[in-house]
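Colleague: Which chain is which? The protein sequence lines are V and X, in order. This note's numbering applies: residue 86 is where the first sequence begins, and numbers increase by one. This note's numbering applies: residue 285 is where the second sequence begins, and numbers increase by one.
None of these hints come from the bench; they were simulated from the model. Mixed in with the good hints there might be a few duds.
As the list claims (entries may be wrong) - Within a straight-line C-alpha distance of at most 27 Å, the following computed DSSO-like cross-link-like pairs (lysine-lysine) qualify:
| hint | chain 1 | residue 1 | chain 2 | residue 2 |
| --- | --- | --- | --- | --- |
| 1 | V | K145 | X | K429 |
| 2 | X | K327 | V | K145 |
| 3 | V | K109 | X | K429 |
| 4 | X | K358 | V | K170 |
| 5 | V | K109 | V | K170 |
| 6 | V | K114 | X | K429 |
As the list claims (entries may be wrong) - To spell it out: a stretch of chain X is covered by chain V in this simulated footprint if at least three of its residues, at any positions, have a beta carbon under 8 Å from a beta carbon of chain V; those stretches are:
| hint | segment |
| --- | --- |
| 7 | 320 to 329 |
| 8 | 348 to 358 |
| 9 | 403 to 413 |
| 10 | 416 to 426 |
Note that the structure is predicted; figures quoted are calculated from it, not measured. Ideal Cβ positions, reconstructed from N, Cα and C, are used throughout, including at glycine.
The lines below spell out each chain.
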Amino acid sequence: MTDYASFNPTNVDEFVAALTDEVKVLGNKWWETNSSIVPGYLRSLAEATLQTEVALVEGKIDSSTADQVFRMQQAAFRQTMRFTKYMTLVLSQKVVDAVFRLVGWAIYNRVGFNFFPELVNIES
Amino acid sequence: MIRRVPILAIAVALTACSTNLIVPAYDARLDTAVSSAHTAAAKITACIDLGLCATAESFAEQEANYIEAIANLKTAGLIAGSLPASNDTARASREDLVSFVDGCREQLVSLAQLHLAGQTKPELGMTQSVDVSCDQALRAAQAMKQGGDDD
Numbered sequence: 086m087t088d089y090a091s092f093n094p095t096n097v098d099e100f101v102a103a104l105t106d107e108v109k110v111l112g113n114k115w116w117e118t119n120s121s122i123v124p125g126y127l128r129s130l131a132e133a134t135l136q137t138e139v140a141l142v143e144g145k146i147d148s149s150t151a152d153q154v155f156r157m158q159q160a161a162f163r164q165t166m167r168f169t170k171y172m173t174l175v176l177s178q179k180v181v182d183a184v185f186r187l188v189g190w191a192i193y194n195r196v197g198f199n200f201f202p203e204l205v206n207i208e209s
Numbered sequence: 285m286i287r288r289v290p291i292l293a294i295a296v297a298l299t300a301c302s303t304n305l306i307v308p309a310y311d312a313r314l315d316t317a318v319s320s321a322h323t324a325a326a327k328i329t330a331c332i333d334l335g336l337c338a339t340a341e342s343f344a345e346q347e348a349n350y351i352e353a354i355a356n357l358k359t360a361g362l363i364a365g366s367l368p369a370s371n372d373t374a375r376a377s378r379e380d381l382v383s384f385v386d387g388c389r390e391q392l393v394s395l396a397q398l399h400l401a402g403q404t405k406p407e408l409g410m411t412q413s414v415d416v417s418c419d420q421a422l423r424a425a426q427a428m429k430q431g432g433d434d435d
């Protein structure tokens with residue numbers, strides 16, 4: 086992890102190396118946190134669908150109720166696909182933020198101007 | 285002075301394109317509303333999973349949780365829909381965010397109908413879609429929070 090307060094690259098290679106480290110750490114952490122979530126959702130929904138199917142076959146629920154429950158599950162499956170896409174965009178945004186946080190610190194440490202106050206917290 | 289102009293120009297240009305470029309920024313009001321709804325929804329599905337909400341009469345005991353969850357999700361939907369988004373990509377992902385909040389709310393409305401009809405017995409596959417949908421709404425609302433697990 087880069088020491089932001091003292092980050093003051095003097096050449097492109099130094100800058101790129103720091104950026105690469107930031108993005109790599111961010112990507113790894115994001116992947117560790119999120120990679121198991123979507124399979125968990127899919128397993129849970131698959132289990133639900135089977136339960137409803139068995140309940141219908143065994144006469145525990147009528148076809149009208151089963152229809153409503155299947156539609157709820159279908160909506161959740163569809164939402165899960167959209168969620169997967171959204172979380173990929175979130176990672177992209179986090180990468181952009183990580184890059185500009187570093188750029189912001191480099192500028193601040195060089196000229197004393199904070200152009201990215203939403204990303205560069207000079208209080209800490 | 286001559287040296288500062290390009291730096292300032294570049295920095296101002298970068299500032300303009302750095303925020304809300306891909307997804308809307310974190311919003312604490314949205315997080316609070318969805319968190320409250322998530323907690324209330326979890327109480328309802330837990331009650332059903334435990335077999336304590338298997339009758340139409342048991343709806344009355346959960347009515348406050350349904351109202352809290354659905355009311356908070358209505359508020360959250362309005363907040364999410366008005367988050368700043370500076371381009372088409374950000375506007376599209378804002379629509380995604382709204383759809384997760386609305387998805388959770390619609391799941392709860394359907395569950396309430398089943399509950400009022402006395403159909404919410406355990407292990408019939410009725411609670412998972414609610415849990416999944418509302419969990420996604422919460423994760424999406426908190427995804428851009430700084431200092432989170434994946435930040």
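Colleague: According to a criterion of three or more residues whose C-beta lies within less than 8 Å of a C-beta of chain V, is the segment 403 to 413 of chain X covered?
Modeller: Result for this restraint: holds, n = 9.
Colleague: Between the alpha carbons of K114 (chain V) and K429 (chain X), is the straight-line distance 27 Å or under?
Modeller: Within the cut-off at roughly 14 Å; holds.
Colleague: Can you confirm whether the C-alpha distance between K145 (chain V) and K429 (chain X) stays at or below 27 Å?
Modeller: The hint is violated at about 44 Å.
Colleague: Are K109 (chain V) and K170 (chain V) close enough, with their CA atoms no more than 27 Å apart?
Modeller: Holds: K109 (chain V) and K170 (chain V) sit about 20 Å apart, inside 27 Å.
Colleague: How does the coverage statement for the segment 416 to 426 of chain X fare against chain V, requiring three or more residues with Cβ below 8 Å from a Cβ of that chain?
Modeller: Satisfied; 6 residues make the cut.
Colleague: Do three or more residues from the segment 348 to 358 of chain X put their C-beta atoms closer than 8 Å to C-beta atoms of chain V?
Modeller: As far as the segment 348 to 358 of chain X goes, the hint is violated, because 0 residues have Cβ atoms under 8 Å from chain V.
Colleague: K109 (chain V) and K429 (chain X) were given as a pair; does the straight-line alpha-carbon distance stay at or below 27 Å?
Modeller: Distance of about 19 Å is within 27 Å: holds.
Colleague: Check the hint pairing K327 (chain X) with K145 (chain V) against an upper bound of 27 Å on the C-alpha distance.
Modeller: It holds: about 24 Å lies between the C-alpha atoms, which stays within 27 Å.
Colleague: Going straight from one Cα to the other, do K358 (chain X) and K170 (chain V) come out at no more than 27 Å?
Modeller: holds (24 Å)
Colleague: Against chain V, does the segment 320 to 329 of chain X show at least 3 residues with beta-carbon separation below 8 Å?
Modeller: violated (count 0)
The structure shown violates the earlier hints numbered 1, 7 and 8.
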